[in-house]
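Residue numbers (the numbering used here), protein chains in the order written: chain H, 1 to 383; chain S, 1001 to 1353.
Bear in mind the hints are in silico, worked out from the structure with no lab data behind them.
Heads up, the beta-carbon is just placed ideally off N, CA and C, and yes, glycines get one too.
Possibly wrong hints are sitting among the right ones.
[To be verified] List time: in silico BS3-like cross-link candidates among lysine-lysine, alpha-carbon distance up to 30 Å: (1) LYS39(H) / LYS28(H); (2) LYS1340(S) / LYS27(H); (3) LYS308(H) / LYS203(H); (4) LYS27(H) / LYS273(H); (5) LYS203(H) / LYS273(H); (6) LYS182(H) / LYS66(H); (7) LYS65(H) / LYS52(H); (8) LYS39(H) / LYS182(H); (9) LYS203(H) / LYS182(H); (10) LYS156(H) / LYS203(H); (11) LYS182(H) / LYS150(H); (12) LYS1022(S) / LYS1170(S); (13) LYS1010(S) / LYS273(H); (14) LYS378(H) / LYS66(H); (15) LYS308(H) / LYS1170(S); (16) LYS1340(S) / LYS378(H); (17) LYS1290(S) / LYS308(H); (18) LYS1010(S) / LYS378(H); (19) LYS1239(S) / LYS378(H); (20) LYS273(H) / LYS66(H); (21) LYS308(H) / LYS1239(S); (22) LYS65(H) / LYS156(H); (23) LYS66(H) / LYS52(H); (24) LYS308(H) / LYS273(H); (25) LYS1239(S) / LYS182(H); (26) LYS1290(S) / LYS1170(S); (27) LYS1010(S) / LYS305(H); (28) LYS28(H) / LYS1340(S); (29) LYS65(H) / LYS39(H); (30) LYS52(H) / LYS28(H); (31) LYS182(H) / LYS378(H); (32) LYS1290(S) / LYS1239(S); (33) LYS305(H) / LYS273(H); (34) LYS1170(S) / LYS39(H).
[Stated by the list, open to error] Taking beta-carbon pairs under 8 Å as the criterion, some of the chain S residues facing chain H (in silico): (35) ALA1194; (36) GLN1232; (37) GLY1234; (38) GLN1241; (39) GLY1252; (40) ALA1263.
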Amino acid sequence: MHDFVFPAVSLPESASLLRQQVRDFLKKERDAGTFTPRKNSWSDGDAEFSRKCGQAGYIGMVWPKKYGGQERTALDRYVMTEEMLAGGAPVGAHWVADRQSGNQILRHGSERARQLILPQIAAGECFFAIGMSEPDSGSDLAAVRTSAVKAEGGWKITGTKVWTSSAHRAHYLIALVRTAPKEENRHAGMTQFIVDLKSPGLKLSPILNIYGAHDWNEVVFDECFVPDDMVVGEVGGGWNMVTSELAFERSGPDRFLSTYQLLLASMEQLAEKPDARSVNEIGRFVAHLTTLRRMSTSVAGMLTKGEKPILEAALVKDIGTAFEREIPEIFRQLIPSEPLMDNESLDFDALLGMSTLKAPGFTIRGGTREILRGMIAKGLGLR
Amino acid sequence: MSDIRDDLEKTVDRICEEHCLKEVFMSSEAGVWPQALWQALEEVGLPQACLNEAQGGSGLSFEDAMFVLRRSAYHAAPVPLAETFLASRLLSAAGLKVPEGVLSVSVSHAKDSLELNGSQSIPTLSGHAHRIPWGLSCDHLVVVAHRDEQPYVVLIEREALAQSRSELVKNLAGEPRVQFDFTNAPIIAFAPLADAQERLLCEGALMRSVQMAGALQRSLGYSLQYANDRVQFGRPIGKFQAVQHMLAVLAGHVAASAAAADAAIELSSEAPEPFFVAVAKSRVGEAAGKGAEIAHQVHGAMGFTREHNLHHLTRRLWSWRDEFGNETHWQTRIGEMALKQGADNLWPFLTRL
């Protein structure tokens, strides 16, 4: 039986200093009108803001200095990310590159890829998209059909990726592609490639989401050439890389703070004359948030020590995404409001409306709730 | 796990596996004090785990004592270990000597109205005390009573309890809860303690949270075992996605409970930390109800029988979540704290430690 322990993490002195630095940085940018809090979650981006984050040293913080990093600890980076999210900063443009793509390139990329790409990411000038899903491959990633064949000095990729977030705004895409026909082991024969989104043989078309925004894309590869040194890791070793990457990105503060700005906006709405039920619900959310933060920081501490808290990380995402989905559902009952579809307005009706419209994605992106629960069940020893 | 925790776990497991037997649960619910179980705990000094060495304690840390409590609740041990801990800590906080033996405290002060009266050097106690755990089995009872509107920690002996008017009821787990009506009952010690009520309420909430975390963990263990063993439609029911997903949700509640209880314990070794205790009681209390529901659903009819052990845990979860303040009580406190801070200060407040 699994005995759950989430040990306390004592943050280093450097992290407390950093926390204050990030708060000062955000205050300065807010005062300068760069962004307005209460509106953003980590899926909202602003390239100019990302450049400023890069200049301030808030991207690729844990990477070696020779690749543009700061050589700071993972706990420092954790504190920076939670401050950005709690502060409602528009970090969406560089989020994927900082959270996962850059780390993959650092760990598994060629030396040329590291030297070429990592400093640009760290400068806040290079953004990434993730090409995993396909028309016939969503939760069942092993069903990918996009394939690459060997060519002189590289590979030629043909196939289609869908739901590719921000591909039209990003510079690169890391694509999971079949490089050998499907065998008995469905997970073998898959490889990850860094694809320059300006390459010939690529066609992007928008896939609009339920509120009409262009975030997703369909990316069609037609013999798109990728040089050998843009292969990530071993040819055929893509599956293990993807699954370990997912384990790392499951337990961060982005898995429970997506509607934190709405919680704050709701508190502001209710502050003057809070009724008993509202006080009670706010208290319940704060209790859940406090507990999630304890779990998430604890997992970050375990990862720093080189442990592999895969089950704990999956639980953080399952509970965390349920929490962030519940916030608009509860406050709509407490604050009389007719929600609006308007991604620009700061009106409470619009904040509530957009959270409601975005919420279905929380329990789908990065591995659906159902896939996650299946993994948790296996981790618990269900045979 | 540290060596000391490992030893404590083994010790509690050994004692409970030997003494928390079906017949012990049954006789305990029928009103028989489980003397052998308590004596086994006494022999290794566990009821004194909250005392320092000068007071005759075993020199365990508060965190170790809470670990023992959690593990005893994992076994649903039908003894007032939490109450003995609470009484000892309240007496110590008031500077009073902690007597040996079984101790209990007033659980829920909301309906209590206890007054110290008389002008002699040792006053007497009058008023109503609500649902005292093991009130007729304990050697001493500790209550909070008032004199001239000042709160006092008061120690009462077994004889005084036996001579007072009392009514025995049972909580959902069949544990004895005793209502006392005291009329000038003799007491043996008293001392003023300004925050006695609040301290007892918070510390009681913390200990019930710890107990619920332990009982939830065992409920998950039973559920996983049952899902792997029980075969229907030609395979273990744990193979069905519907069952797997319920168990994943239960695991989330168990994990969150452990995290919430630990966070509160770490900050409460001297005195209970009100915010984190409130978070623990409300979060774990919520997990108790939702978790017990899933554990029963997975066990089907079998878990609804007297024969299976699951109900020893779930009936305690349903009792403990309402003792020392239910979720609404503690959520309201947190909500008030959060609104008082204001939206802009909430994050600095949550990250202050």
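Hey, LYS52(H) versus LYS28(H), does the alpha-carbon distance stay inside 30 Å?
Holds, at about 11 Å.
Does LYS182(H) pair with LYS378(H) here, judged by a C-alpha cut-off of 30 Å?
holds (25 Å)
When the nearest CB of chain H is found for GLY1234(S), is that gap smaller than 8 Å?
Since chain H brings no Cβ nearer than about 14 Å to GLY1234(S), farther than 8 Å, the hint is violated.
Is the hinted pair LYS1239(S) and LYS182(H) satisfied, with a Cα-Cα distance of at most 30 Å?
holds (26 Å)
30 Å limit on alpha-carbon distance, applied to hinted pair LYS1340(S) and LYS27(H):
Distance of about 22 Å is within 30 Å: holds.
With the threshold set at 30 Å, check whether the alpha-carbon distance from LYS1290(S) to LYS308(H) stays at or below it.
Measuring from Cα to Cα gives roughly 28 Å; hence the hint holds.
Between LYS65(H) and LYS39(H), does the CA-CA distance stay at or below 30 Å?
Roughly 34 Å separates the two Cα atoms, so the pair is violated.
A closest beta-carbon separation below 8 Å is what the hint needs, so does ALA1194(S) meet it against chain H?
At about 26 Å, which exceeds the 8 Å cut-off, the nearest Cβ of chain H leaves the hint on ALA1194(S) violated.
Take a quick look at whether LYS305(H) and LYS273(H) sit within 30 Å of each other, Cα to Cα.
violated (47 Å)
For the pair supplied as a hint, LYS273(H) and LYS66(H), is the alpha-carbon distance within the 30 Å limit?
violated (55 Å)
Would the pair LYS1010(S) and LYS305(H) pass a check requiring their Cα atoms to be no farther apart than 30 Å?
OK: LYS1010(S) and LYS305(H) at ~27 Å, within 30 Å.
Do the alpha carbons of LYS1290(S) and LYS1170(S) lie within 30 Å of each other, as the hint requires?
This hinted pair holds, its Cα atoms lying about 23 Å apart.
Checked against the numbered hints given earlier, this structure breaks hints 3, 5, 6, 8, 13, 14, 15, 16, 20, 22, 24, 29, 33, 34, 35, 36 and 37; the rest are met.
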